[in-house]
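Number of protein chains: 2
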Amino acid sequence: MSKYHTVRNSALTFVLSVLVIHSAFLTSALAEEGMWTFDKPPLKQLKERYGFEPTREWLEHIRLSSVRFNDGGSGSFVSPHGLALTNHHVALGQLQKVSTAAKDYVKDGFYARTPAEELKCPDLELNVLVALEDVTARVQGAAKKGMSDEEALKARKAEMAAIEKQSTESTGLRSDVVTLYNGGEYWLYRYKKYTDIRLVFAPEQQIAFFGGDPDNFTYPRHDIDFALVRVYENDKPVENQHYLKWSAKGAAEGELVFVSGHPGSTDRQTPMVGLELQRDHLLPRAIKNRERRLAALRKYAAEGPEQSRQAQRPIFYLENTLKAFGGMYEGLKDPELISKKTTEENEFRRLVAGNAEWKRVYGSAWDEYATSTRNYLAQMKPYRYRRLTGSNLANLALQIVQYVAEVKKADGERLDGFHDAQLESTRFELLSPAPVYSGMEEALIANTLQEAVDQLGPNDPYVKGVLGGRSAAEVAKEAVAGTKLADPAFRKSLMDGGEPAVQASTDPLIALARRVDPFFREMHKWYEDKVESIEVSAGEKIGKARFAAFGKSAYPDATFTLRLSYGSVKGYPMNGTQAPPWTTFYGLYDRAYSFGLKDPYELPKRYLDGKNSLDLSTPLDFVSTCDIIGGNSGSPVVNRKGEFVGLIFDGNIESLVGDYVYSGEKNRAVAVHSLALIEVLRKLYDAGGLAGELTGKQ
Amino acid sequence: MSKYHTVRNSALTFVLSVLVIHSAFLTSALAEEGMWTFDKPPLKQLKERYGFEPTREWLEHIRLSSVRFNDGGSGSFVSPHGLALTNHHVALGQLQKVSTAAKDYVKDGFYARTPAEELKCPDLELNVLVALEDVTARVQGAAKKGMSDEEALKARKAEMAAIEKQSTESTGLRSDVVTLYNGGEYWLYRYKKYTDIRLVFAPEQQIAFFGGDPDNFTYPRHDIDFALVRVYENDKPVENQHYLKWSAKGAAEGELVFVSGHPGSTDRQTPMVGLELQRDHLLPRAIKNRERRLAALRKYAAEGPEQSRQAQRPIFYLENTLKAFGGMYEGLKDPELISKKTTEENEFRRLVAGNAEWKRVYGSAWDEYATSTRNYLAQMKPYRYRRLTGSNLANLALQIVQYVAEVKKADGERLDGFHDAQLESTRFELLSPAPVYSGMEEALIANTLQEAVDQLGPNDPYVKGVLGGRSAAEVAKEAVAGTKLADPAFRKSLMDGGEPAVQASTDPLIALARRVDPFFREMHKWYEDKVESIEVSAGEKIGKARFAAFGKSAYPDATFTLRLSYGSVKGYPMNGTQAPPWTTFYGLYDRAYSFGLKDPYELPKRYLDGKNSLDLSTPLDFVSTCDIIGGNSGSPVVNRKGEFVGLIFDGNIESLVGDYVYSGEKNRAVAVHSLALIEVLRKLYDAGGLAGELTGKQ
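The listed protein sequences correspond, in order, to chains A and B. Mapping the first sequence onto our numbering, position 333 (from 1) lands on 333, and the numbers just tick up by one. Mapping the second sequence onto our numbering, position 196 (from 1) lands on 196, and the numbers just tick up by one.
Heads up, some of the hints might be wrong.
Heads up, the list lumps identical chains together, so a pair's fine if it works in one copy or across two of them.
Restricting the straight-line Cα-Cα distance to at most 30 angstroms, the calculated cross-link-like pairs of lysine-lysine (DSS-like) are [said to hold, decoys possible]:
| hint | residue 1 | residue 2 |
| --- | --- | --- |
| 1 | 598 | 249 |
| 2 | 641 | 598 |
| 3 | 323 | 570 |
| 4 | 249 | 666 |
| 5 | 97 | 409 |
| 6 | 299 | 598 |
| 7 | 333 | 697 |
| 8 | 40 | 236 |
| 9 | 299 | 570 |
| 10 | 570 | 605 |
| 11 | 381 | 683 |
| 12 | 605 | 464 |
Since the hints were derived computationally from the structure, they do not count as laboratory data.
Construct all of the structure, not just a fragment, from the sequences and the given hints.
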């Protein structure tokens, strides 16, 4: 499952950020399409198609049992004692961070048999959505008549920061204003935030990610992609009435199921001109960028076993992202998809043009949107390459440089991520005690600097200013060799010392970040003024035009906020035959032996030794028609009774195009079956206690 | 595996018969492409790519170990005592014919533990290719200068009949003149013929055809599609020095392997205008025709369990054919394929046009070919629908009516199938003691008559003449109710009685055949004169032009004659991941349980009861890059040592387009692994004796 989405308060820049404002909604929800917000669940469809009418309590229980993993995934509470379930690949970052060369929990797995053995995650924040409030009037109202697009954008952002600050101060809850329906609506989402998260269980990565990159995003599949953490507050496990009870049977074929999770982003309502920009520029460049970084990491990993261990996680994420991008790119090159999207847009525009009032108020939006993309193209290269990407350490340095400058400003004028309401989470990230792998960071910094040289040329002011005539490799080497930023206490001293401390610092990586910062700010300002402001204004018009033309019966594009999808357990036509509704443990062993147990199809020793103890006909993974996308990784699949029946970990290859369009015939969400988790916990991991906590039966 | 090909001496008419003369050869053999004749094996490729140089003895041994099953498949000798191995689906016709409502060997399987228990096949003829001789000069020379195309066709056919007759009389061998390279070459193939074939072993159809129509033509696959017969002569098993020794290990990944078998037909060198005819007319009509017949059979099968048993085999073949046609049709609609083929043809034609002599002699061929297809279209409907299709019984009737007329004529002037050299095989077919299912035949005759009404209209002379104003159902009912043709003795009496007996017969089905015959003959003559003669003449020019332009280094299109393919055991990219080189018994059980053991994924009882006795990691089916097509069903896969390593039973879905083009990347031949056969014989069927005969080890 793709993890290429990030939360709003992360300062990581992102390849598709030009399109962050593409939330939208569909004119007609087809089949079992839709990632629905909890304030507008698809009650009509559920009643008509399944005769199911969820109560307010049912919806609230599912919502409060759902957990956002803020490094890009989803999860759920599955015991009354704060046990939260997610994917191995979502927990992978934390697993890596608590591992060492001597204790490799990624490779060997991890199991805390007692509370004392649980390992604290260095920098994991979990969120539970406890309240939603419509703040559309306040945000839209901030942009006054007569303001330019640039002024309007500033006003909206300031208003959003003010709402968040006010809410944080009055409730103590994490408070995010979320843009929905292309700006047709703005909502305040309040989260209960947890930062004391402890690892309880993870299987070997080999079985969690069985089949590796080849089998990723495909089905039939045989992964046991799960991990368990326990959520603490005040040094005690959270005792939570809202958790999902474990289904004794799992889901049957044809059964109605739900996915409650945090889809990262979709582009289903992005105007055609935006999709063309993605197809012709953004995606090809993003693919090249990732391929280049992947090559740098593979080179580093080849230096030795410890290097290989360190690089394993970023390599996994990059391969995953590349496969996802590849599927999206294929989708955008499909003439049928383009023709379908074009027809839809043309019909919508004709409808708007046919009503004099709509035409006057919204008619210009598409041309304006096109202007923003034209503007973007004019400065695309400096915008994309005058920055450091891929290195966590360099990112920490740049954020510290920005932090000390931003916190001095009025709240509404700060860069995103540094508003008062966001500072706690940002500081939590910046002060993470997670280990820093210097060799790998050096390779990544050298790579991003050299990429700038290759893309911008040696005479670009950024290249000259940042490298000062030296080679990318030299600059990276010096910066990493001399920096003390690996130490969180040093980072804290700089942040506490404020601008004077940062300006005076002779730390070479801080010095590098100081050289990068003005270029970043210049391009950021250009982007806000010439691209984002126009896009937001145009997007809001398109969003409102949709409400006017089609009413408010559909769902907004995904925004890494909590959504409910529904569907049924169902195979699909595949490769000339049919994919089954589920796979079994027989299939796991088949796939392993049919490739001669060779990488990536080797099995952990316990799976070879213990296979006779398993009931091999137990369902392993299963598919449903639920509409999901990257970010849904770790989401629970629940039945009508609100019981846990499965754990989302992927979409099939046919779902990659789901960024742009949902195909009910072949789009499938792939989940680990609830029975499979209990089967391996009890029979292979001697983890009956844990299985008992999950099922309520020892 | 498609079974839609038929041998030359079968009088069954065939949807693609307009294109029977499409044998040809490729300008350059890509990858491991090619179905090579044994007189021109791909020695250069084998040496360059695999360092393998087969000896004359090696080739002869493989050839003489290969067996053609004349109802449309292939096989091989696998023991010194006449044991021949083929697919269950090739033996299915005979299995059905020896089954009864009480003893259903199709469903339950069959195993003769002693020679006495072996069951004689009612009408199975096997051929072994013992000699090949180039007769191009004689056949081409028969068409003299100044002859019209029609006269030339007659002259060629007469010469071919004369060559066959002469050869049969002088050698006692079955002798077929085969058209290769679009008529660029003609070869006399002499076969040792066997007609005393006895069933030895067949598993349950459920396991031979596990996964049914959905999994047919796909991979990964889990079928154990085999059957064993014993070949007798003079009431004793044939003791044969040429048989394939059983490999103790089977084939490894990447290993060079060969397929020796009888691919039915390909259209790789058919001119574009011929492919367009297929795409736009022949295939769509063939598909409708089969769908209609399938619906009629399903309706009949629904009448009861015995009806269902009777209809099982034709339903299987029709579903198989429809899936194959579907794949071919998709291929022909693929713009990439069409563009590739068009470019190739244009380049070839430019080359011919660039040489004054070639242009003069061959340059007109493509336009002539186009004329033949235009002519065909003008009378396509009466040609296709003024005939009885689908009913074996009606076919027997028509052939008897024709037999008595044809045998009176000079040999060279008879319809194909009735030449002196062919009469023995034809009589063997016509006098088959196989059971006739009257109810099913009535349904099929009613269907073909009604199809004629629907396609030609009530006023067509054929419809009027054959139905005489009554309904198709009435005519079919009366014909079947009153006929004695189910009795081979009655058939023999008519054939022995000659034209007077047939003319005087009051048998209502003979009467129906007599009414059909003149229409059939009229359309047949029209087809020969206006279509076939032009096509053969044009085809021969194209074939010669290829020899002139590219030399004689390639292989001809398939013609249900013995061919050698080579390749290696190799997975392939599939559905976003990779298909493994082989599957295992684990996969069989996975597929069964992942569909909840529901049809077509239920398992025979012995497979459920006996699964713990199996080594589930044993390879089950495997794929190789060998170039095969329908008709290759039952072909042995052999290694460099000439040992048996597998049993071809299918191509993957990506190979269906192989009728037109070979794709080395994804085209795969699917075979049962030699180890799988021994595993089930020994452990599930208590057939150690048979396994011992195969492996040479008790």
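For each hint, the structure was consulted:
For a Cα distance limit of 30 angstroms, the shortest separation of residue 598 from residue 249 across copies, 19 angstroms, qualifies, whereas the shortest one inside one copy, 33 angstroms, does not. Taking the closest pair of Cα atoms, residue 641 and residue 598 come within 30 angstroms of each other only across two copies (27 angstroms); inside a single copy the shortest separation is 42 angstroms, beyond that limit. Taking the closest pair of Cα atoms, residue 323 and residue 570 come within 30 angstroms of each other both inside a single copy (24 angstroms) and across two copies (23 angstroms). In this homomeric assembly, residue 249 and residue 666 come within 30 angstroms of each other (Cα to Cα) only inside a single copy, at 25 angstroms, whereas the closest approach across copies is 39 angstroms.
Proximity of residue 97 to residue 409 under the C-alpha cut-off of 30 angstroms is found in neither arrangement, the shortest distances being 34 angstroms within a copy and 91 angstroms between copies. Within a single copy, residue 299 and residue 598 get their C-alpha atoms as close as 22 angstroms, which meets the 30 angstroms cut-off; across copies the closest is 49 angstroms, which misses it. For a Cα distance limit of 30 angstroms, the shortest separation of residue 333 from residue 697 qualifies neither inside one copy, at 51 angstroms, nor across copies, at 58 angstroms. Taking the closest pair of Cα atoms, residue 40 and residue 236 never come within 30 angstroms of each other, the shortest separation being 35 angstroms inside a single copy and 81 angstroms across copies.
Proximity of residue 299 and residue 570 under a CA criterion of 30 angstroms is satisfied inter-copy only: 29 angstroms between copies versus 42 angstroms inside one chain copy. For the homomeric pair residue 570 and residue 605, the shortest alpha-carbon distance between copies (27 angstroms) is at most 30 angstroms, but the shortest distance inside one copy (33 angstroms) is not. Proximity of residue 381 to residue 683 under the C-alpha cut-off of 30 angstroms is found in neither arrangement, the shortest distances being 55 angstroms within a copy and 67 angstroms between copies. In this homomeric assembly, residue 605 and residue 464 never come within 30 angstroms of each other (Cα to Cα): the closest approach is 53 angstroms inside a single copy and 76 angstroms across copies.
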